[in-house]
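Given the structure of chain A, go ahead and fit chain B onto it with the hints provided.
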Amino acid sequence: MQKFKMSDVNHQLDEPVLESLFRDHFIGLCQFAVGYVKDEEAAREIVQDAFVNLWEKRYTIDLSKPVKSYLSATVRNRCLNYLRDHKKFSCDLLAIENFPHEAMYDQHDQLVESDIRNQIARAMAELPEKCREIFNLSRFHHMKYQQIADHLNISVKTVETQMSKALQHMRIRLAEYLPVLFFFILPFCHFASLIFCYFAIFLTTASG
Amino acid sequence: METNPTYYIDLITRYFFAEATPEEIRELETWVMTDPANATIFSAYRKTWETIENDRIKSSVNLSDEWNILVSKLKTHDEDLPNAPLQRSSSQPSIVHRPSSTVNRQSSIVNRQSKILSWSLRAAALFLLLAIPTYFFYRHFNAPAEMTLTATTDIAERTLPDGTTVTLNTGATMTCPSRFEGSFRKVTLQGEAWFEVAHDKTKPFIVAAGNARIRVVGTSFFVNTNTSKANEEIILSSGIVKVYYENNPEKVATLYPGDKAELYAAGDAIIKTTNQDVNFLAWKTKHLVFNNTPLNEVAALLTRVYHTSVRLSDDRLSDCRITTTFDRQSLESVLNVLKATLDLQVRSNGSGIELSGHGCNRNK
Chain A
1 MQKFKMSDVN HQLDEPVLES LFRDHFIGLC QFAVGYVKDE EAAREIVQDA FVNLWEKRYT
61 IDLSKPVKSY LSATVRNRCL NYLRDHKKFS CDLLAIENFP HEAMYDQHDQ LVESDIRNQI
121 ARAMAELPEK CREIFNLSRF HHMKYQQIAD HLNISVKTVE TQMSKALQHM RIRLAEYLPV
181 LFFFILPFCH FASLIFCYFA IFLTTASG
Chain B
1001 METNPTYYID LITRYFFAEA TPEEIRELET WVMTDPANAT IFSAYRKTWE TIENDRIKSS
1061 VNLSDEWNIL VSKLKTHDED LPNAPLQRSS SQPSIVHRPS STVNRQSSIV NRQSKILSWS
1121 LRAAALFLLL AIPTYFFYRH FNAPAEMTLT ATTDIAERTL PDGTTVTLNT GATMTCPSRF
1181 EGSFRKVTLQ GEAWFEVAHD KTKPFIVAAG NARIRVVGTS FFVNTNTSKA NEEIILSSGI
1241 VKVYYENNPE KVATLYPGDK AELYAAGDAI IKTTNQDVNF LAWKTKHLVF NNTPLNEVAA
1301 LLTRVYHTSV RLSDDRLSDC RITTTFDRQS LESVLNVLKA TLDLQVRSNG SGIELSGHGC
1361 NRNK
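So the protein sequences, as listed, match chains A and B. Using the working numbering, the first residue of the first sequence is number 1, and each one after it goes up by one. Using the working numbering, the first residue of the second sequence is number 1001, and each one after it goes up by one.
Only chain A is shown next, with the shape it has when bound in the complex (with noise of 0.2 Å):
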């Protein structure tokens, strides 16, 4: 299969160039949705409805401009609605996450990607088994917190505690992995701002 780049594909939008489209995409995008909805059955349900809605529009739609920002332009305005229709809307919300306002993924570095994946899987070792369990619970199975206090016979609140452990001992381990992250992810109008305050240290590490 050919691979398309974005800019070919603004001459016809038949269905290989959909699949390549989605087959480049949807990861990304799936990603970028459950940051808004924090669901990712939520998540999927959205983006491929986003790439329905493509489909549909295929004549209509403007392909002279990136069908990526279309993409994510429409599964953003679904997530928001998604927000809204069960009541975690806010503008606040908004501005507290600083949303990208597209998806970033395909800046993702395969080598730091899978150094973050290695990182991930050590730092998740090194739980205590009952924490790592819940975790799972809660990550693989999508069990809510209810469930899993079902599941394993233990109180909702243990479930919060160890939940809210193990999220802490995450951070914690991933912390020397995240600042790449940011570099990635940061949107470009940031860069001057971040060059200024690299100078400031620069000058003051200089004096010092």
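I should point out that these hints are in silico values taken from the structure, not numbers from a laboratory. Even for Gly, the Cβ is constructed at its ideal location relative to N, Cα and C. All clues stand as given, with none of them false.
Chain B side only, calculated, beta carbon under 10 Å to chain A, not exhaustive:
#1 1006
#2 1053
#3 1146
Relative to the frame of chain A, chain B by itself:
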């Protein structure tokens, strides 16, 4: 609402795992908006969660399955989606755009080349601008990753990168860099810990506990940051330890084996005495020595060593005294000995163990 120190961490966790109610989300928002420090914590958790989540999605999503789901959705939405789309792609109704798009494509090649050049120039410039200060930044802060060791349910024994062994009592937390760089080895501690520091004269080992600093070159000592009277208590077992406050490094107290120092959060007093407590390390060694020890002290020590609350039902029981030694015994067998010697009843309930009896009114 801050009755529990991990309250907001729990809330953040609940938020990211979609457990938070709309009210809780609003509460979290307020918390994040009120203090930039809170926002920093929140964003660190957000990045952590995002990293974990992205990795999981990447490994759990099966693209072929998802594509099939999409195709079946498209079929219900769009009857004319072909079963063999490749053969029909030439008849797609986009002929209208064809001529102009060919022209566009040629001009865009030239465009793209100059674009690539200008972008790579920009990228190179950016790289230099970022790389140079970053290099100095990291060199200055000498920032190897920080490790945090926490003993949650049992005592934890770890060997640090320099060969030093640390034993943390339950509840203790220690942070140290993943490798020791620079001219000293520095760790921070909260709670009780026993250090056996690997000897390295060129790189002193420093324990930071609150404002107190303990500086050694190679020795073993015990630190407790949460005693009832003092804020930090240091008991030395071998070698020499120097103790001082961070804000007053000129005033140094030197401890020799058997010495004990108490430091306080407020003020700059360092109280140096001889250690009287033979059981200061019992939580690690499980070696308990009682020499005419009142029962209330025995109960307090058992609580500390076995992490099970041991209480006396009646204060008068404190009159009972005991002289004996236990070495690596289970709590149960210790209690059995106490029960037999002092004629006590041992009752275990949900929150711990209660000792009762009719006291030992020897003095009255």
